[in-house]
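Asks: Sequence:
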Amino acid sequence: PLIYCNMDLIKSKNDNFVAEIKQILEQARQRVYTSINREMVDAYWEVGKRIVEEEQLGEKRAGYGKEILKTLSNELSTEFGKGFDERELRRIRQFYLTFPIRDTLRPELSWSHYRLLIRVTNEKARAYYLLEAANQHWSYRTLERNYSTLYYERLLSSEDKELIVTEMIEKTAHFEQDQLEFIKNPYVLEFLQLPAQTKYTEAQFEQAL
385 PLIYCNMDLI KSKNDNFVAE IKQILEQARQ RVYTSINREM VDAYWEVGKR
435 IVEEEQLGEK RAGYGKEILK TLSNELSTEF GKGFDERELR RIRQFYLTFP
485 IRDTLRPELS WSHYRLLIRV TNEKARAYYL LEAANQHWSY RTLERNYSTL
535 YYERLLSSED KELIVTEMIE KTAHFEQDQL EFIKNPYVLE FLQLPAQTKY
585 TEAQFEQAL
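So that you can map any letter, position 161 of the sequence shown is 545 in my numbering, and since no number is skipped, the others follow by simple counting.
Hints may contain errors.
Okay, derived cross-link-like pairs now, DSS-like style, lysine-lysine, Cα gap no bigger than 30 Å in a straight line [what the hints assert, rightly or not]:
1. Lys454 <-> Lys433
2. Lys466 <-> Lys454
3. Lys406 <-> Lys433
4. Lys508 <-> Lys433
5. Lys454 <-> Lys508
6. Lys545 <-> Lys555
Derived CB-CB ranges, DEER-like [unchecked claim]:
7. Ser542 <-> Arg503: 30 to 38 Å
8. Tyr448 <-> Ala557: 44 to 52 Å
9. Arg538 <-> Asn398: 45 to 53 Å
10. Lys545 <-> Asn458: 46 to 54 Å
11. Ser461 <-> Lys555: 35 to 43 Å
12. Glu451 <-> Gln411: 44 to 52 Å
13. Arg413 <-> Ala518: 13 to 21 Å
14. Thr418 <-> Lys555: 21 to 29 Å
15. Thr462 <-> Ile405: 38 to 46 Å
16. Arg471 <-> Ser419: 21 to 29 Å
17. Glu551 <-> Ala511: 33 to 41 Å
18. Glu404 <-> Pro484: 41 to 49 Å
19. Thr550 <-> Tyr448: 45 to 53 Å
Quick caveat, the hints were computed from the structure, so don't treat them as lab data. Virtual Cβ for every residue (Gly too), placed ideally from N, Cα, C.
Generate coordinates for the entire structure from the input sequences, incorporating the hints supplied.
Replies: Here it is as structure tokens:
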């Protein structure tokens, strides 16, 4: 019995040790994701700001804004890839116009989150989705589903709000299971200048990061 007791104790210690190591690695990975989010969103906010400033300087010239985006798109696409066509640059400009105060941005959210948020015309709904997505760690797909199913509006009009929240959690639970969703995002891969393939070695990712 003493031997069995010692074996159980050793196994318990090993399990705790492994759990601690997993936690360290998971926390480190999460910090990497957050860092990529923050740098990517910050960069696009800066780009949007500069586009708006440049357009305002040339506001007296007809078609100046359109010409800026066309020229910029050609130059950026040549050096940084196809993720900077005129349509995406207009989206980046709109991102800045929608969130002109940098401190209102949440580093927990990815560029995909913000691409969706700038489509929300109701300012109160947009503020709600921004805070909930950040505080509740919604994946992009969870945010997309909640927006498309009018989750905010249904919460406001429903007497049984707990039922609406419970239903949302059940419907989106499978979206939250893929912890690598963000790093597989095509916009992230484009930003890091990685081709859209399904697998990467650790060395490839380390070099890109």
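Asks: What hint numbers does the structure not satisfy?
Replies: Violated: hints 3, 5, 7, 17.
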